[in-house]
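Chains A and B, in that order, give the protein sequences.
Residue numbers 1 to 397, in the numbering used here, belong to the letters of the first sequence in order.
Residue numbers 1 to 397, in the numbering used here, belong to the letters of the second sequence in order.
None of these hints come from the bench; they were simulated from the model.
Misleading hints may appear alongside valid ones.
Claimed, not checked - Pair ranges (Cβ atoms, derived):
| hint | chain 1 | residue 1 | chain 2 | residue 2 | range |
| --- | --- | --- | --- | --- | --- |
| 1 | B | Ser329 | A | Thr151 | 53 to 63 Å |
| 2 | B | Gln353 | A | Glu387 | 28 to 38 Å |
| 3 | B | Asn206 | A | Ala283 | 21 to 31 Å |
| 4 | B | Ala133 | A | Glu363 | 14 to 24 Å |
| 5 | A | Ser84 | B | Gln353 | 44 to 54 Å |
To be verified - Some residues of chain B that are not near chain A, with every Cβ distance over 10 Å (derived):
| hint | residue |
| --- | --- |
| 6 | Ala87 |
| 7 | Glu100 |
| 8 | Pro101 |
| 9 | Ala129 |
| 10 | Ala133 |
| 11 | Pro134 |
| 12 | Lys240 |
| 13 | Gly243 |
| 14 | Ala266 |
| 15 | Ser357 |
| 16 | Ser369 |
| 17 | Arg390 |
Beta carbons: idealized from backbone N, C-alpha and C, even for Gly.
2 protein chains.
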Amino acid sequence: MAFVIPQGFSAAGVHAGIKRNPTRQDVALVVSNRPAAAAGVYTKNLVYAAPVAFDRRLTPGDGFRAVVINSGNANACTGDRGLSDAAEMARLAASTCGAEPKQALVLSTGIIGEFMPMEKIAAGIKACAKDLAPEEAGFIAAARGMMTTDTVHKLHSATVTVGQRGFHIAGMCKGAAMIAPNMGTMLGLVLTDAPVAARDLQRMLNEVVDDTFNCISVDGHMSTNDTVLLLANGAAGGEKLSGDGLVQIQNALHEVCAELARSIPADGEGATHLVCIDVKGCATAGAARQIAKSVADSPLVKTAIHGADPNWGRIVSAAGYAGVPFNPSGVNLDVNGFILYKDGAPAAFSAEQVSSSIKTHRETSIVLSFREGNASARFWTADLTAEYVRLNADYHT
Amino acid sequence: MAFVIPQGFSAAGVHAGIKRNPTRQDVALVVSNRPAAAAGVYTKNLVYAAPVAFDRRLTPGDGFRAVVINSGNANACTGDRGLSDAAEMARLAASTCGAEPKQALVLSTGIIGEFMPMEKIAAGIKACAKDLAPEEAGFIAAARGMMTTDTVHKLHSATVTVGQRGFHIAGMCKGAAMIAPNMGTMLGLVLTDAPVAARDLQRMLNEVVDDTFNCISVDGHMSTNDTVLLLANGAAGGEKLSGDGLVQIQNALHEVCAELARSIPADGEGATHLVCIDVKGCATAGAARQIAKSVADSPLVKTAIHGADPNWGRIVSAAGYAGVPFNPSGVNLDVNGFILYKDGAPAAFSAEQVSSSIKTHRETSIVLSFREGNASARFWTADLTAEYVRLNADYHT
Numbered sequence: 001m002a003f004v005i006p007q008g009f010s011a012a013g014v015h016a017g018i019k020r021n022p023t024r025q026d027v028a029l030v031v032s033n034r035p036a037a038a039a040g041v042y043t044k045n046l047v048y049a050a051p052v053a054f055d056r057r058l059t060p061g062d063g064f065r066a067v068v069i070n071s072g073n074a075n076a077c078t079g080d081r082g083l084s085d086a087a088e089m090a091r092l093a094a095s096t097c098g099a100e101p102k103q104a105l106v107l108s109t110g111i112i113g114e115f116m117p118m119e120k121i122a123a124g125i126k127a128c129a130k131d132l133a134p135e136e137a138g139f140i141a142a143a144r145g146m147m148t149t150d151t152v153h154k155l156h157s158a159t160v161t162v163g164q165r166g167f168h169i170a171g172m173c174k175g176a177a178m179i180a181p182n183m184g185t186m187l188g189l190v191l192t193d194a195p196v197a198a199r200d201l202q203r204m205l206n207e208v209v210d211d212t213f214n215c216i217s218v219d220g221h222m223s224t225n226d227t228v229l230l231l232a233n234g235a236a237g238g239e240k241l242s243g244d245g246l247v248q249i250q251n252a253l254h255e256v257c258a259e260l261a262r263s264i265p266a267d268g269e270g271a272t273h274l275v276c277i278d279v280k281g282c283a284t285a286g287a288a289r290q291i292a293k294s295v296a297d298s299p300l301v302k303t304a305i306h307g308a309d310p311n312w313g314r315i316v317s318a319a320g321y322a323g324v325p326f327n328p329s330g331v332n333l334d335v336n337g338f339i340l341y342k343d344g345a346p347a348a349f350s351a352e353q354v355s356s357s358i359k360t361h362r363e364t365s366i367v368l369s370f371r372e373g374n375a376s377a378r379f380w381t382a383d384l385t386a387e388y389v390r391l392n393a394d395y396h397t
Numbered sequence: 001m002a003f004v005i006p007q008g009f010s011a012a013g014v015h016a017g018i019k020r021n022p023t024r025q026d027v028a029l030v031v032s033n034r035p036a037a038a039a040g041v042y043t044k045n046l047v048y049a050a051p052v053a054f055d056r057r058l059t060p061g062d063g064f065r066a067v068v069i070n071s072g073n074a075n076a077c078t079g080d081r082g083l084s085d086a087a088e089m090a091r092l093a094a095s096t097c098g099a100e101p102k103q104a105l106v107l108s109t110g111i112i113g114e115f116m117p118m119e120k121i122a123a124g125i126k127a128c129a130k131d132l133a134p135e136e137a138g139f140i141a142a143a144r145g146m147m148t149t150d151t152v153h154k155l156h157s158a159t160v161t162v163g164q165r166g167f168h169i170a171g172m173c174k175g176a177a178m179i180a181p182n183m184g185t186m187l188g189l190v191l192t193d194a195p196v197a198a199r200d201l202q203r204m205l206n207e208v209v210d211d212t213f214n215c216i217s218v219d220g221h222m223s224t225n226d227t228v229l230l231l232a233n234g235a236a237g238g239e240k241l242s243g244d245g246l247v248q249i250q251n252a253l254h255e256v257c258a259e260l261a262r263s264i265p266a267d268g269e270g271a272t273h274l275v276c277i278d279v280k281g282c283a284t285a286g287a288a289r290q291i292a293k294s295v296a297d298s299p300l301v302k303t304a305i306h307g308a309d310p311n312w313g314r315i316v317s318a319a320g321y322a323g324v325p326f327n328p329s330g331v332n333l334d335v336n337g338f339i340l341y342k343d344g345a346p347a348a349f350s351a352e353q354v355s356s357s358i359k360t361h362r363e364t365s366i367v368l369s370f371r372e373g374n375a376s377a378r379f380w381t382a383d384l385t386a387e388y389v390r391l392n393a394d395y396h397t
């Protein structure tokens with residue numbers, strides 16, 4: 001599907017010398033030609049980075065004109081100097097469009113515990129300002145500017161019609177795990193030209209992130225920098241949306257965020273399989289998500305999928321320690337459509353057939369169902385490979 | 001230190017044909033020549049094995065004469081037939097010393113979801129009964145009879161004098177992770193000739209296991225079969241212990257269990273480092289343990305240690321998502337005695353020196369301290385290697 005750009009937004013990304021490889025963008029800028037409302041969700045880690053502290057104070061809010069992004073340095077565990085560096089980045093980004101420092105937001109990812117190379121950052125922001133373009137090439141360059149160990153840039157967009165009015169939503173994100181010596185992180189930036197009030201934007205983002213970016217994992221290690229920002233500049237025109245209009249926007253936002261979220265474990269470090277875990281028949285969506293996460297984070301489940309081994313005991317026992325009560329005799333398990341476990345007892349199946357199905361598909365489907373209620377959750381993860389270990393053990397600081 | 005055997009206990013282990021390799025014991029028997037009090041702690045997994053269900057109903061209690069152990073088959077997810085097989089194993093074990101079925105306990109570990117080969121088990125128990133010996137060789141054979149992917153058998157003992165009376169405590173355990181197609185598990189059996197009432201035994205075991213076997217991890221995947229049993233037969237003579245005597249026994253029990261627990265991650269699948277995580281200065285011991293477990297279970301911390309990479313950001317950020325509140329500016333971190341992080345800020349250190357220290361020691365020490373209180377915890381884990389992935393991905397069902 002073609003990538004559509006919400007009206008009024010332009011973007012650029014350049015190589016400013018933070019990353020060693022000169023072909024890799026490491027500073028990016030996204031500008032709205034009019035003030036935008038913004039919402040944000042952030043890492044729950046107590047040890048959080050300076051840009052997280054900076055953005056969290058300002059969102060939800062109105063009047064935003066710019067988002068500055070850098071990769072190669074997370075500006076995390078950098079104390080007061082890190083905070084003033086983040087503020088300076090916002091000031092520089094805002095100044096490119098004649099705005100105030102508090103009208104810009106900051107996203108950083110990369111190595112932890114090192115101070116920002118502010119001269120390079122300043123030069124990079126200046127270079128971005130010259131390149132800004134409301135075109136796909138600019139958004140690709142910006143999406144590449146947030147990449148660390150990602151092997152592909154991650155962009156997705158959607159169009160939604162509310163009554164007679166057409167709106168666009170476009171997002172970018174990064175994330176593949178964390179790589180030594182860098183602490184890579186999940187970053188997301190979603191833009192829309194729909195007119196939405198900041199508080200509606202924030203509620204919408206909270207709900208959508210819970211079902212999308214909060215339903216993925218690669219290695220279960222929560223970073224210091226995780227951030228998703230959502231900007232709405234209203235450039236498509238019309239009054240602020242409410243009621244059904246907001247619901248339609250939220251549905252489109254869900255589509256964009258789900259696609260972006262899925263792209264992260266799909267690009268998981270060293271991964272050979274993207275794993276989709278559907279948990280059904282739970283009392284609450286939270287319970288379903290907790291079981292799904294327990295299965296997703298088990299290194300034994302992840303290695304079994306890597307080895308194309310239909311080892312259902314690992315999946316069922318990971319559900320058993322999720323901390324969610326359930327009746328074991330109501331448990332059913334399908335892998336790639338094959339029934340492996342039925343009503344709490346082993347089912348007859350051909351191990352060769354299931355193994356061959358896992359081996360020949362890049363995506364593995366796990367469906368775990370219970371008899372506790374009607375709530376469900378979908379969670380995405382990656383398998384665990386020797387390559388993941390090598391990537392994270394063998395590249396030293 | 002020499003291995004001492006509590007009075008009145010004898011043990012044996014034989015190859016009964018459950019494991020393919022004829023040099024490996026797979027059925028073991030431990031018998032007390034008089035009735036013993038017994039306590040047990042079990043997996044909290046909702047999906048638990050038949051022997052767990054069997055033992056849990058009987059402990060704490062009195063009158064036990066035998067414990068039968070097998071490896072190679074976990075008797076987990078085997079429904080009603082599994083339950084009757086476990087009961088039959090108890091009956092066979094008890095009959096070797098003229099006791100009733102409810103005077104025996106059962107420990108199983110190995111493949112999940114397959115029925116027990118009861119003919120082999122019965123023959124194995126019979127062979128064990130002939131071999132029973134109150135000698136170290138018998139206990140080594142029994143400890144080998146509970147091994148799955150363990151590379152060494154795990155035995156430890158202690159002697160304690162209460163007033164003029166000398167008592168002995170001896171324990172065995174197994175565990176290295178889980179290996180495809182088997183679901184290995186943690187099993188422990190501790191014996192003493194001290195006279196202790198069943199309810200004191202249970203309280204003591206609960207407290208000790210919390211600080212020892214519950215403070216280790218290899219891969220964070222809780223099994224269906226985890227069990228630690230403690231038997232006290234009073235063969236050393238005298239009245240039931242109380243007060244200070246119980247405290248002394250509990251201290252010795254702690255020593256034995258701590259040493260056994262540590263031996264499990266030390267033998268972790270594919271591990272090249274045993275990692276000791278000390279967390280200090282927390283409000284409660286539970287908080288300290290929760291932080292230690294969060295650090296221990298992070299694949300990024302585990303791979304960094306495997307790569308001898310002093311990547312302190314991974315350790316500090318894993319503490320940050322443990323779910324325990326703390327002031328980030330009060331955090332200090334030492335690795336192998338080197339200060340890497342002080343008062344919430346990076347410390348100056350030589351990365352080469354720390355890396356070389358990690359590389360040249362089999363054991364890595366991580367000390368994380370906070371300024372929230374005086375409680376602490378010690379936790380043991382193993383590093384994560386490509387060999388772990390190979391062991392768990394490449395050996396298929």
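Comparing the hints with the structure gives:
Checked against the hint of 53 to 63 Å, the pair B/Ser329 and A/Thr151 fails, with Cβ atoms roughly 37 Å apart. For B/Gln353 paired with A/Glu387, a C-beta distance near 29 Å keeps the hint of 28 to 38 Å intact. For the hinted restraint 21 to 31 Å between B/Asn206 and A/Ala283, the CB-CB distance of approximately 30 Å keeps it satisfied. Look at B/Ala133 against A/Glu363: about 56 Å separates their beta carbons, and that is not inside 14 to 24 Å.
Separation of A/Ser84 from B/Gln353 is about 32 Å and departs from the stated range, judged on CB atoms against 44 to 54 Å. Distance check for B/Ala87 against chain A: the nearest CB is about 19 Å away, which clears 10 Å, and the non-interface claim stands. At roughly 29 Å, the least C-beta separation between B/Glu100 and chain A is larger than 10 Å, which holds for a residue marked as non-interface. For B/Pro101, the non-interface assignment is confirmed: its Cβ lies about 25 Å from the closest Cβ of chain A, beyond the 10 Å cut-off.
With a minimum CB-CB distance of about 32 Å to chain A, B/Ala129 clears the 10 Å threshold, and the non-interface call stands. Distance to chain A confirms B/Ala133 as a non-interface residue, since its nearest Cβ pair spans about 35 Å, more than 10 Å. Residue placement check: B/Pro134 keeps its beta carbon more than 10 Å from all beta carbons of chain A (closest about 37 Å). Under the 10 Å C-beta cut-off, the non-interface status given to B/Lys240 relative to chain A holds; the minimum distance is some 36 Å.
The Cβ of B/Gly243 sits about 37 Å from the closest Cβ of chain A, beyond the 10 Å cut-off, so the non-interface label holds. Under the 10 Å C-beta cut-off, the non-interface status given to B/Ala266 relative to chain A holds; the minimum distance is some 19 Å. No Cβ of chain A approaches the Cβ of B/Ser357 within 10 Å, the least distance being about 14 Å, so the stated non-interface status holds. At the 10 Å boundary, the C-beta of B/Ser369 stays outside the reach of chain A, the nearest C-beta of that chain being 15 Å off.
Under the 10 Å C-beta cut-off, the non-interface status given to B/Arg390 relative to chain A is violated; the minimum distance is some 6 Å.
Violated hints, in rising order: 1, 4, 5 and 17; the structure is consistent with all others.
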